[in-house]
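**Student:** Next come the chains, spelled out residue by residue.
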Amino acid sequence: SQQGEEDPQALSIQEGENATMNCSYKTSINNLQWYRQNSGRGLVHLILIRSNEREKHSGRLRVTLDTSKKSSSLLITASRAADTASYFCATDARGGGADGLTFGKGTHLIIQP
Amino acid sequence: KAGVIQTPRYLIKTRGQQVTLSCSPISGHRSVSWYQQTPGQGLQFLFEYFSETQRNKGNFPGRFSGRQFSNSRSEMNVSTLELGDSALYLCASSLLRGAGNTIYFGEGSWLTVV
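So the sequences go chain by chain: A and B. Here the first sequence stands for residues 1 to 113, where the numbers follow our numbering. Here the second sequence stands for residues 114 to 227, where the numbers follow our numbering.
There could be a bad hint or two in this list.
Stated by the list, open to error - Below 30 Å or equal to it, Euclidean Cα-Cα: the simulated DSSO-like pairs (lysine-lysine) are:
no. : chain 1 : residue 1 : chain 2 : residue 2
1   : A       : K26       : A       : K69
2   : A       : K105      : A       : K70
3   : A       : K105      : A       : K69
4   : B       : K126      : A       : K70
5   : A       : K69       : A       : K56
6   : B       : K170      : B       : K126
7   : A       : K70       : A       : K26
8   : B       : K126      : A       : K56
9   : A       : K56       : A       : K105
10  : A       : K56       : A       : K26
11  : B       : K170      : A       : K70
12  : A       : K70       : A       : K56
13  : B       : K126      : A       : K69
14  : A       : K105      : A       : K26
15  : B       : K126      : A       : K26
The hints are simulated quantities; they were obtained by calculation from the structure and are not laboratory data. Because the structure is a prediction, the values reported are computed rather than measured.
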């Protein structure tokens, strides 16, 4: 089942601009992870944020988590052509990982040179 | 260290056949899980193995099975292949089970059923 829903489904911006993607989920979670997937390739882990954290940074990435709204956002600053990819959020549900990670449908990000 | 290694990367099978996919987790990782990715259903959890035991299973028919060996390497098998089984199959590993463990994915095995 798809718990996470990314928004927007597709995003096209100019190189150098910031890109923001949002993720909403339905149940209580232990943590939330963001992944990047280049076309036809595997998933690359970007960042993990725990349910008791509100914000986390990694290089040009900034992730926020609002458990009261059951939502997260991924900000990529100073975007580059190489950032063109699909981005997925994945949740690890509280109460046991009976369903493994639950992924959203992803945001397809296109960086125009 | 090397990442999650999946073999084969690409394969084509005929309806009714069976297929076995292999996954070598990151060295030292003991938890291995499998996911199916299709355009229609997205990424869906298949099953998770830890210490050679299946710990969790997703909502897939019994034609999908797997196992884990003592060296943590894992295989998944799909029997009586159907056209709808065409997908990217992703293997993931983590050091331990449970919340807070970063999960790393391989490049996947592309299966086409004709």
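**Student:** Within a Cα-Cα threshold of 30 Å, do K126/B and K70/A meet the stated pairing?
**Tutor:** Distance of about 41 Å is beyond 30 Å: violated.
**Student:** K170/B and K126/B: Cα distance at most 30 Å?
**Tutor:** Measuring from Cα to Cα gives roughly 24 Å; hence the hint holds.
**Student:** Is the hinted pair K26/A and K69/A satisfied, with a Cα-Cα distance of at most 30 Å?
**Tutor:** 9 Å, holds
**Student:** Are K105/A and K70/A close enough, with their CA atoms no more than 30 Å apart?
**Tutor:** 16 Å, holds
**Student:** Going straight from one Cα to the other, do K126/B and K69/A come out at no more than 30 Å?
**Tutor:** 45 Å, violated
**Student:** Would the hint linking K105/A and K26/A be met if the CA-CA limit is 30 Å?
**Tutor:** 14 Å, holds
**Student:** What's the verdict on K126/B and K56/A, does the C-alpha distance respect the 30 Å limit or exceed it?
**Tutor:** Distance of about 44 Å is beyond 30 Å: violated.
**Student:** Hey, K56/A versus K105/A, does the alpha-carbon distance stay inside 30 Å?
**Tutor:** 22 Å, holds
**Student:** Does K56/A sit within 30 Å of K69/A, going by the straight-line distance between their CA atoms?
**Tutor:** 17 Å, holds
**Student:** Holds or violated: K70/A with K56/A, Cα cutoff 30 Å?
**Tutor:** 16 Å, holds
**Student:** Does K126/B pair with K26/A here, judged by a C-alpha cut-off of 30 Å?
**Tutor:** Given pair K126/B, K26/A is violated - Cα atoms ~37 Å apart, limit 30 Å.
**Student:** Does K26/A lie within 30 Å of K56/A when you go C-alpha to C-alpha?
**Tutor:** With Cα atoms ~21 Å apart, K56/A and K26/A stay inside 30 Å; holds.
When each numbered hint is compared with the structure, violations occur for hints 4, 8, 13, 15.
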